[in-house]
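Chemist: Here are the chains, one letter per residue:
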Amino acid sequence: MKGKKTFFIAVLLIAGGLLSLGYTLYHSVIADTGPGSQEVSSSTLAAAAGQAPPANFPEMNHPAELSIPSLGIDAKVVDVGVTAKGAMAVPKSFQQVGWYKYGAMPGNSGSAVLAGHVDNGLSLAGVFKKLKNIGVGDAISVTDDAGDVATFEVTGTSSLDYKSSDTSAIFKKGGPAVLTLITCDGDWVQSDKTYDARLIVTATRVK
Amino acid sequence: MKTMNHMARWGMAGAFMTLALLFASAFTVHAQTTTDQNASTTNTGTINTTTGTGVGLPNTGAGGFSGANIAVILVSAAAIAYGIRLASRHYSYE
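So the sequences go chain by chain: A and B.
Those letters in the first sequence? Residues 1 to 207, per my numbering, in order.
Those letters in the second sequence? Residues 1 to 94, per my numbering, in order.
Looking at chain B on its own, in the form it has when it is part of the complex (with noise of 0.2 angstroms):
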């Protein structure tokens, strides 16, 4: 009984962790447009709007993980999942 409460609790955490990381995942957006600034701070002054000449190419990529990031990721989701784990067990005290 214990050994399966054992298992429910790191279920419950390895659910809530893949349920996390697929919400961030599905919203993960590129923050170029996020914050509208005034023309005027533009340091172009090159762009012609009526002729379209001067526009630079859109950056469209970000690239994938790299290995730090992934390794950080890893170590974050342990954490939050023991620590989930850890509250379970002290609720289940009480």
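Here chain A stands alone, though its shape is the one from the complex (with noise of 0.2 angstroms):
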């Protein structure tokens, strides 16, 4: 009888302990689950355009790896949207890379945006956790699904305002093979649930 009620004992100890705990970290890695937060779907947002590299560059198709040989960089590229509250989506792992996959294909013609996160919610660094530290020059590659490589160099870095709505330079389309890398940056907000700051990282193409 008493081998029964530790038994019973035990198994409530261990599920509550599991219930609370996967609750917590549930929880505590979710930056953005409000209403809205959730990426809309494709159905009436036009896919991203395949517009044709600028000259002189081969063009490039579906990114599939990102590289910064300088920051000890490498990842896999995911593909996000919008979300309903009208932001970029990121990547559901905070080791993968996203593309902005409604803006221009990375080597191609126009800013393509590939996202990153910093850190998650256990404090455990994020793939974009160096990107601080990019330096002007520093070389950038980009693989895609076919294998072909586009090289970018970075021409420079600024922070902006996590409230900013003047991003049409960030997704522009068209123009120059820009490749810009967001991750973000400065004091976390505890009301919204964000960094207040994000780091943008410009490059051109070289390659």
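Source of the hints: derived by calculation from the structure; they are not laboratory data.
Just so you know, not all the hints are guaranteed correct.
Derived CB-CB ranges, DEER-like [said to hold, decoys possible]:
id, chain 1, residue 1, chain 2, residue 2, range
1, A, 132, B, 11, 36 to 46 angstroms
2, A, 11, B, 11, 18 to 28 angstroms
3, A, 8, B, 11, 19 to 29 angstroms
4, B, 16, A, 8, 17 to 27 angstroms
5, A, 58, B, 75, 51 to 61 angstroms
6, A, 5, B, 74, 19 to 29 angstroms
7, A, 190, B, 10, 45 to 55 angstroms
8, A, 204, B, 75, 47 to 57 angstroms
9, B, 10, A, 207, 49 to 59 angstroms
10, B, 10, A, 4, 30 to 40 angstroms
One-sided and incomplete, this derived list gives chain B residues near chain A with beta-carbon spacing under 7 angstroms [claimed, not checked]:
id, residue
11, 76
12, 79
13, 80
14, 82
15, 83
16, 86
17, 87
Cβ coordinates follow ideal geometry from the N, Cα and C atoms, glycine included.
Hints are included, so try docking the two chains, each in its own frame, into the full complex.
Modeler: This is the structure we're talking about:
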């Protein structure tokens, strides 16, 4: 009888512990779960245009991998769209990079936007944790599904307020082949569950 | 011998909890993109995906742990570890 009671208490402890642990872990890694935070479907949003690359560069296809040798970054690239709040969505994994699928293909005409996490809810480093250390002239490579590689050279970095609405240059279509990398920067804003700035790295295609 | 069993049970419970936490941290994800919605529900109305205007900046951080989260996790982990210890003791008696 005593054994059964002990076992029952053990099960209760384990189940209760797992429930509270799971709940806390789940909610600690969600930066934005309010209404409208989910990605909207592409049913009425035009998918990425396949703009031609600028002259002298081979056309690139769907991006698959991103590499920044100077920072030791090698990451898988996944498609992301727009959240119902109207922001660029982000990858499910903090170790992957999201490509804004309604924008330009990396290496082709226009600004191709790639975003990655700076951290997760366990304070573990995200794929772009070291992005703040990138310098002008550093090389960035994007490999597409066909195995072709477009190489970019960093031309500048900047920091934008997270509520900035003037993002037309970042998501620009047409013009030179520009690669734009985005991650979080600044201080954590608990009320909005996000950082108060975004680090913007721009690079132009050189090969 | 009893001390060895005692330590082994706690060791197993601790190892299990460590593995569980590592597993959870390895697969923690950002939940923004987990559910697709119909685009008609978007409340922005200003996005023009043809020109690229009106798109907001992505939320690329989760901010790390708060003290409350750490406390809850530690208590939860302790509860699970103690539960495992009790369970293993129960089975060792049978």
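Chemist: List in ascending order the numbers of the hints, as given earlier, that are violated by the structure.
Modeler: Violated hints (numbers, rising): 7 and 10; every other hint is consistent with the structure.
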